[in-house]
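Engineer: Given the structure of chain X, go ahead and fit chain Z onto it with the hints provided.
Here's the letter readout for the chains.
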Amino acid sequence: AQSVAQPEDQVNVAEGNPLTVKCTYSVSGNPYLFWYVQYPNRGLQFLLKYITGDNLVKGSYGFEAEFNKSQTSFHLKKPSALVSDSALYFCAVRDRGGATNKLIFGTGTLLAVQP
Amino acid sequence: KAGVTQTPRYLIKTRGQQVTLSCSPISGHRSVSWYQQTPGQGLQFLFEYFSETQRNKGNFPGRFSGRQFSNSRSEMNVSTLELGDSALYLCASSLGVGNNEQFFGPGTRLTVL
Chain X
8 AQSVAQPEDQ VNVAEGNPLT VKCTYSVSGN PYLFWYVQYP NRGLQFLLKY ITGDNLVKGS
68 YGFEAEFNKS QTSFHLKKPS ALVSDSALYF CAVRDRGGAT NKLIFGTGTL LAVQP
Chain Z
1474 KAGVTQTPRY LIKTRGQQVT LSCSPISGHR SVSWYQQTPG QGLQFLFEYF SETQRNKGNF
1534 PGRFSGRQFS NSRSEMNVST LELGDSALYL CASSLGVGNN EQFFGPGTRL TVL
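Sequence lines, in order, name chains X and Z.
Take any residue in the first sequence, count from 1 to its spot, add 7: that is its number in this note's numbering.
Take any residue in the second sequence, count from 1 to its spot, add 1473: that is its number in this note's numbering.
Hints in this document: simulated from the structure, not taken from any laboratory.
Even glycine gets a Cβ: it sits at the ideal position worked out from N, Cα and C.
Each hint can be trusted.
The calculated EDC-like cross-link candidates involving lysine to aspartate or glutamate, where the alpha carbons are at most 16 Å apart (straight line), are:
| # | chain 1 | residue 1 | chain 2 | residue 2 |
| --- | --- | --- | --- | --- |
| 1 | X | K84 | X | E15 |
| 2 | X | K84 | X | E73 |
| 3 | Z | K1530 | X | D102 |
| 4 | Z | K1530 | Z | E1548 |
| 5 | X | K56 | Z | E1574 |
| 6 | X | K65 | Z | E1574 |
Chain X stretches covered by chain Z per the calculated footprint, using a threshold of three residues with CB under 8 Å from any CB of chain Z:
| # | segment |
| --- | --- |
| 7 | 52-58 |
| 8 | 108-117 |
This is chain X alone, in the form it adopts within the complex (with noise of 0.2 Å):
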């Protein structure tokens, strides 16, 4: 079965400093991965996805992720943390088994951003 995990509940990181969420996964075949951001009462928002290709993927807001297949990771980074970046992040995959858009979440990690 298709799965993400997300080891870390909470990061804390200063304003300016670079961030890292950890991302790992298991799937049969290529994965395809996502990441979102949820701010409190909203919905999620897309922030990247890997389907193929360069293992370094760029998203919104000036995030990226690297797709690590020998160490089955996909971590989400970000060079310089904003205060405005505390959120709630999860990875996901997209399940297999035919054509479907029904995505497994991970548990989401909470990112906190002192300034």
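Structural biologist: Frame of chain X, contents of chain Z only:
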């Protein structure tokens, strides 16, 4: 272009009642998916519709049902509400089925008393 809209945004019901939630996808999008978000279970897939057909269903009891109309708008219904149904219900729309990103609405916060 308007985003995904969900109505109502907040809802309070009592146990045993039923509820209907509505989702209007982005114009031109034909795929709609529903997710339930709770602190304990996280984000869980409910169902997926494309061109009025349910393509996929999550592991939820039969009290949870949905449908999609010819204009791609979708509704989900929960009958005989239980306390555990309290959650944020999110709708997501996509152009089609496959590798397209999904765009989420703000959600409907359902509280069951």
